[in-house]
Amino acid sequence: MSESTGQAVHLAALDTFPRLLMHHASVRPNRPAMREKEYGIWQTHSWAAVAQNVRAIACGLAELGFKRGDRLAIIGDNRPRLYWSVAACQCLGGIPVMLYQDAVAQEMIYVLQDAEIQFAVVEDQEQVDKMLEIEAEVPLLRHVIYDDPRGMRHYTQTLLMGLDALQEMGRIHDRNHPDFLDAEIDKGASDDISVMLYTSGTTGKPKGVCQTHGAFIAAATGGMEFDRLTDREDILSYLPMAWVGDHLFSFAQAMVAGFTINCPESGDTVMTDLREIGPTYYFAPPRVFENLLTQVMIRMEDAGAVKRKLFHHFMDVARRCGADILDGKPVSVGDRVQYALGNFLVYGPLKNVLGMSRIRVAYTAGAAIGPDLFRFYRSIGVNLKQLYGQTETCAYVCLQPDGQIKLDSVGKPAPFVEVKLDDKGEILVKGPMLLKAYYKRPDATAESINADGYFMTGDAGFFDEDGHLKIIDRAKDVGKLNDGSMFAPNYIENKVKFFPYVKEAVTFGNGRDCVTAFINIDLEAVGNWAERKGMAYSGYTDLASQPAVYELIRDCVEKVNADLAVDPKMSGSQIRRFLILHKELDADDGELTRTRKVRRNFIAERYGVLIEALFDGRKSQRIETVVKYEDGREGRISAELRIEDAKTFAPQAAKQAA
Amino acid sequence: MMMNDLIQVAPVAQPPVAERRIGDVILDLQGISLSFGGVKALTNISFDVREHEIRSIIGPNGAGKSSMLNVINGVYHPQEGRIMFRGELRQKMEPHVAAAQGIARTFQNIALFKGMSVLDNIMTGRNLKMKCNLFQHALYWGRARQEEIEHRLKVEEVIDFLEIQGIRKTPVGRLPYGLQKRVELGRALAAEPSLLLLDEPMAGMNVEEKQDMCRFILDVNDQFGTTIVLIEHDMGVVMDISDRVVVLDYGKKIGDGAPDEVKNNPEVIAAYLGTSH
Amino acid sequence: MGFFFEVLIGGLLSGVLYALVALGFVLIYKASGVFNFAQGAMVFFAALTFVGFQEVLPGWTGLDADSNVVFWLAFVLALAAMIVLGILTEKVVLRPLVNQPHITLFMATIGLTFLIEGIAQALWGANVRGLSLGIADEPVEWIMESADILVSKFDLFAATLAGALVASLALFFQYTKVGRALRAVADDHQAALSIGIPLQHIWAIVWAVAGFVALVAGLIWGARSGVQFALTFTALKALPVLILGGFTSVPGAIVGGLIIGASEKLAEVYIGPFVGGGIEGWFPYVLALGFLLIRPEGLFGERHIDRV
Amino acid sequence: MLYREAGQFKVSYQEDQQIFPIRQDRVGFIAILGFFFLVLPFLASEYWLQAILIPVLIFSLAAIGLNILTGYAGQLSLGSAAFMAVGAFGAYNFMLRVDGMPFLVALAIGGLCAALVGVAFGLPSLRIKGFYLAVATLAAQFFIVWALVKFPWFSNNSSSGVISAQQIEILGFAFDTPVSKYLLTLGIVAVLALAAKNLVRSTTGRSWMAVRDMDVAAEVIGIRPMFAKLSAFAVSSFYCGVAGALYAYAYLGTVEPEGFNLDLSFKILFMIIIGGVGSIMGSFLGAAFIVLLPIFLNVAMHSLFAGSMPAGLGSNLELIIFGGLIIFFLIVEPHGLARLWQIGKEKLRLWPFPH
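Respectively, the protein sequence lines represent chains A, B, C and D.
Counted from 1, the first sequence has number 655 at position 643 by this note's numbering; the numbering is strictly sequential.
Counted from 1, the second sequence has number 133 at position 48 by this note's numbering; the numbering is strictly sequential.
Counted from 1, the third sequence has number 102 at position 74 by this note's numbering; the numbering is strictly sequential.
Counted from 1, the fourth sequence has number 100 at position 98 by this note's numbering; the numbering is strictly sequential.
Rather than coming from a laboratory, the hints here were simulated on the basis of the structure.
There's no promise every hint is true.
Only pairs whose alpha carbons sit at most 30 angstroms apart, straight line, appear in this in silico DSBU-like list of lysine-lysine [claimed, not checked]:
1) Lys199(D) x Lys119(C)
2) Lys125(B) x Lys58(C)
3) Lys254(B) x Lys269(D)
4) Lys199(D) x Lys269(D)
5) Lys205(C) x Lys199(B)
6) Lys492(A) x Lys609(A)
7) Lys269(D) x Lys319(A)
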């Protein structure tokens, strides 16, 4: 502890990101700050080079008239120059606002208007086109600066400018006013807003969360000390820059700890790039881990019998003792020997193929992770942990400490963080990482921070006997069935979604007599299963309607029911009836948020007929839906959906059935 | 914000975007006749190609289109006629000499080097520009290695341009047809040609692949100012992207001019209706 | 002058024999595009099998070793062995290699050469054996008397036999159904397939016929110089013949054989003494090579245009 | 399974273009090299060194030569043995006729003689292809051996062309023991193999392969087929020539032209077919295989028949097995042992996944 406080003192003067950047540029000028796979190799930028580039961009922006407090929109994949633009904006005392790069132009209007954006740095022609499309709706927008000049030759719009030209302009500016930027950096204070992150908005319009340098630096420092991160870490930055997780891990922590960010070549090559880099520190939402595991299992199905047997044998060994070995708990010598052998034959190579050989710490968050999934990674020696946090808390509230990993909790309150529960079970947090305000929304700010300065997360949860926090559901989503028993939809849905065959689930039951569910099957997993069974199908809709698939899913649902029956609080909310949706829930259709969270109300509205059919006992229901294709065209699909019953369990009978 | 409006309408003195300007004639073919042992492939054909233009050659199967390209880059030697390239009269010329003069091409049936990776295939396109000798190669040290790296960078730019980063180390034989076509274009581009001959670059492709290829061809023409002579069957594509079109039928020229002129030429219409096309 | 003609005629007569071996190559190449380096080994195998049967048959049947019955029985058995060998080769070696580059097939037949040589010697032993066809190797008297030129009776017989064989094969291909099919196959594999000619059936027949040709060649060569391993070198004699005559031409094989036969003997006699002799081994190759540079497709080969 | 590639990323083209881009391969290769240089000389008996290791190395060099011509440049040659003969006799004559000729220089000159002769016999390749060319190389095979026998000058007037190689001496150190000869051969082969690898991964090698795969396309992008083919003949013959000289000096000591016959050419061809056409490593594998197989067969036969082995069966069996293996490899794995190795390596890299 004394060591970490020493470091805290040392970092005290480094209380803004620009200062941190300049610090690294002088302390470790030649260490790699960023790598980007381009032209076939990992082009490396040292801290010194990054600082110079950031300077040039900042001065260029200033030359264009960018002032303190202005917002800079940043739209694109994880490219080094976009991260530099974030830092450059901060140098000038501006506020970077990252947008989700895969959103269509119309979806961007709101944020651009709300944040009163005048300057935008975008990745490429695709994003430029979006800006031009909505130019009329965002009249404040004055400058759009693009990173990649490809295809931009014939764009004559005066608001466009290449980042190269901007940097060149900035270098000249810097030469003419050598003290300008340092003075600007000096003006910065820890309490200044360093970034604005828009919450994805499960309900209502997105809100801009204003975070200060101090908040993110505190969150980053806490995480760094908690996991003993050094400047030698390698992290792969592939999650949207607009997401708080990426900003914490790829930007704030890298700036605090001085480690290296690695940007993949393109969205298609993330897996290859992950394997090449072999990060030591890794972050991914549960979905990514789940897809990886599914792929592992599918690829192993094609292996020869001997290899498959070997694999399953050692996976059994790992399941038995792997997690304990990782946690440093006592394990018998026999198991240790077996595990060591398994490590040589299976786990080691497996981690290598997945690009996880070098991982020291991996985190997942954003959604609940299935216990089997979680166990799998830990058992093969990947130190995967969960964390809990929101955009409003810099994604930093609870962390799982090494050696004390519980599958169904999110760990203990992180350093500097205070967590308590109110009388309704809602989680309240306080600490240096709290948001300063919602942008231009004093009402919302007042609503979410109570009089004692606690942020109300809106999540319901409780502490277990060891002081680990357990999350049940969104506090407002927790409802009641007509018989009065608790209905926590997310909790149930997550349990269903832990089955690889299920991609999404939406449950209904608040104010009803029983619980029912929509299911989305996982096309890849179920498709594979169908192929092995020799079933023919022509696509998602066809596969989803097959009776055998209904059987498969019913089996999953009933297992969940058995599981729920064990928990006295939850045994009343077993799923009575379900149907498999004829289309995949899609963010383009508004059914999911961009972070792939279910939009419950929207779905309830769109599929009202189906919900009624579920509750009134019908055997099937016709539905027609409008869908949006990738090119923006719309089409209709209609289908006759079957509705099936699932077995439920009496609370006392549950144990045997499970 | 009044400022904003002003900027929008005012003709700001920005450097003009380099417009692709069609220049002088760089390739002039006069009275070309070619026969193989009595079979006439081309009869008295004359046409020219101007700098920076996209010049298409169309015609039914067996019209002599590919033979025409083969004459231009020296694979076939016409019995009659003369060829002027960049003001020089060429008599008998070998393909590698044509390559040295800046003429590159792709083939109707993919002519990639099957045993080599995508990277190596495209690297062969740099061959003419590499100066080290065999002994330096055997050492692979100093100058030779430096040269290899310099040209690798050029090749990587081509790979990036054609968006084939994901397959750079794949043996070309394992690639699907559409990608092989793209790699072949890459190999030609790596030579930084001033005249690019494309023999049915879109044959056998699906709509999406055709669109991609079209975009690449236009980009090449636009960004590098490369003059392009193109053989293509897809009339839509030809009419869309060509500056001028030559029509051949049974080895004779039956039409020449802008796409619209050619489209309305009765002889051309007859030739196309007369065949199964 | 008489000596010159003597040498010339001797050369031409052995040229007929070269042509016979070359014919085996041409047949297979025409039908299946395989350059069968193992043709020489097949000649060796055929001759060895024949004398082998001649040796063992009296023991098995109690017949007199010199009887005609033994001769013809051995001939029939050897022929059967060659047909079996031909068909097996087609099925086991070539069919799996269909559509491979020609050069791969060529290398496969080099492997086949070793295989056949090994099997032949393992079955019948490696001793040099004599083989008699009942024709003495002595000058034909009336030619000697009338023109004062020595012409071996045996050579004349062999040449006649070979000529007859070539003629009958030509007739076979010209006038029988199988022959027509074979020519169709030689012209265009795809077209032949599309009109329903069973390609692999044809190949098997061709290999069998090539086996028969090898047997006749083996008997003649064997009778002349003994049945021994050196018979496999007949293939090396036939290669320049092929280059000269073209791989696909039957007349080419005959004319090429005559030219090579005559010129190598003449060269040996008239040039050999100046350079120490023994130039028979390479002279035909250099001749053929020089010829290749002028006319790469051979005397009767088809001109090949590279389509690109 | 043994590979741990995660984290081995390349930040420069130089790293990316290494011969062994994977660390484990690098380590393994150095270990093997170390074993052959430092350990084996102490472990191996004289018989092993003289009768197995030295010839394997020499044949590997010849096979690399043939592989350059056939595997990389696509020109089939049946005259490798003749080029070896030129190398052997060339080196011999320079050692004999030039006073104080250093051995290594003579070796190189022997190789250069072979290269010159190779270019001469490679000229037809400009006009003819495929087995036409193969037949042309047979001309070289027969002519060269004939010439070396017929012109006594080459063998310093010895009967039937037999030559006895002089003592090898470099900077006063006599290489007269099996161990020293082995180390010398190993050193030379290692250096030349590296050079060959460098050639085939550079522009030279790419133009060879381009001509091999599609000569018209190669010419159209500016590769001069004449230069590519003739340089392949020259380099190939150089390697064969050096191998031939070592064959005489480090292996047999006494050789005659007839020793470099067509059978030896075929043997080298078999080495590359079995080892791997178009692979430097395959050349080593193939050479080892072809040298070891007869020895292995011999041992097996002796233990099987316990001395009462039928006469000639061994050599015939060898023919049958060689012939059969060639056919087998061409059908089943045309790229030989090197490809099998490659496949095994890929499997290990993907382990535990099958693909």
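We went through each hint and held it up to the structure:
Among the hinted pairs, Lys199(D) with Lys119(C) is inconsistent with the structure: their alpha-carbon atoms are about 39 angstroms apart, more than 30 angstroms. For the hint pairing Lys125(B) with Lys58(C), the CA-to-CA distance comes to about 29 angstroms; that is within 30 angstroms, so the pair holds. Only pairs whose Cα atoms come within 30 angstroms are accepted, and Lys254(B) paired with Lys269(D) is rejected, the gap being roughly 34 angstroms. With a C-alpha separation of about 22 angstroms, the suggested pair Lys199(D) and Lys269(D) falls inside the 30 angstroms cut-off, and the hint holds.
The suggested pairing of Lys205(C) with Lys199(B) is violated, with an alpha-carbon distance near 41 angstroms, which exceeds 30 angstroms. Taken as a hint, the Lys492(A) and Lys609(A) pair is honoured in the structure, with Cα atoms around 22 angstroms apart against an allowance of 30 angstroms. A C-alpha spacing of about 39 angstroms is found between Lys269(D) and Lys319(A), which places the hinted pair above 30 angstroms, so the restraint is violated.
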